[in-house]
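From just these sequences and the hints, can you work out the full model?
Per the numbering used here, residue 294 is the first one in the sequence shown, and the count goes up by one each step.
When the alpha-carbon atoms are kept at most 25 Å apart in a straight line, the in silico SDA-like pairs for lysine to any residue are as follows: (1) Lys443 / Gly409; (2) Lys395 / Met384; (3) Lys323 / Phe370; (4) Lys333 / Gly409; (5) Lys373 / Ala358; (6) Lys447 / Gly409; (7) Lys439 / Phe366; (8) Lys373 / Leu309; (9) Lys408 / Gly339.
Restraint-style ranges between C-beta atoms, simulated for each label pair: (10) Asn317 / Phe369: 15 to 25 Å; (11) Phe369 / Glu320: 22 to 32 Å; (12) Asp414 / Leu337: 15 to 25 Å.
Everything labelled a hint here was simulated from the structure, so no lab data went into it.
The beta carbon of each residue, even a glycine, is placed where N, CA and C say it ideally should be.
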Amino acid sequence: MIKQILDMETLDKELLKQLDLFINQLEGDKKEHLIHVLHKAQSLFGYLPQNLQLYVARALDLSGARVNGVVTFYSFFNEKPVGKYTISVCMGTACFVKGADKVLDRVIEVTGTKKGEMSKDGLFTIKDVRCIGACGLAPVMTVNDKVYGKVKPKDVDDIIRHYRSIENENK
Numbered sequence: 294m295i296k297q298i299l300d301m302e303t304l305d306k307e308l309l310k311q312l313d314l315f316i317n318q319l320e321g322d323k324k325e326h327l328i329h330v331l332h333k334a335q336s337l338f339g340y341l342p343q344n345l346q347l348y349v350a351r352a353l354d355l356s357g358a359r360v361n362g363v364v365t366f367y368s369f370f371n372e373k374p375v376g377k378y379t380i381s382v383c384m385g386t387a388c389f390v391k392g393a394d395k396v397l398d399r400v401i402e403v404t405g406t407k408k409g410e411m412s413k414d415g416l417f418t419i420k421d422v423r424c425i426g427a428c429g430l431a432p433v434m435t436v437n438d439k440v441y442g443k444v445k446p447k448d449v450d451d452i453i454r455h456y457r458s459i460e461n462e463n464k
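Listed below in structure tokens is the structure:
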């Protein structure tokens, strides 16, 4: 318990104030707004570390296990820091049958990272997801909110190069 309290001190106080304001403006039973609060917390902090999950749990009078269960159930939420671009490769049946596993392997190779981790340059986080809901475009991958359909492993190089070039232009 003491470690958890000490971990709270590592959270940015100004961001916690913003989160508290958001929570205090909620109407009705605050517990019913858990997903909205988690979205807000992730938008403020960039991800949902254990200490932030515990903070949300206490603020909404929920157990830490309940909050963590929601965080780990939905693929949108991140427990670790993420890169500027989240690459999600659909591994649903239609995508898998059409070679999504090879697309994912190529993404991992080109970015130099692993599933669920952030690349060393901080640009990319790689995820394999169960379904994106665009089976007619299989295999599908997304980069943040942009959908790429009928992706082949050879297409991955150009897609990654595009996002790296954006970063080089912004330097």
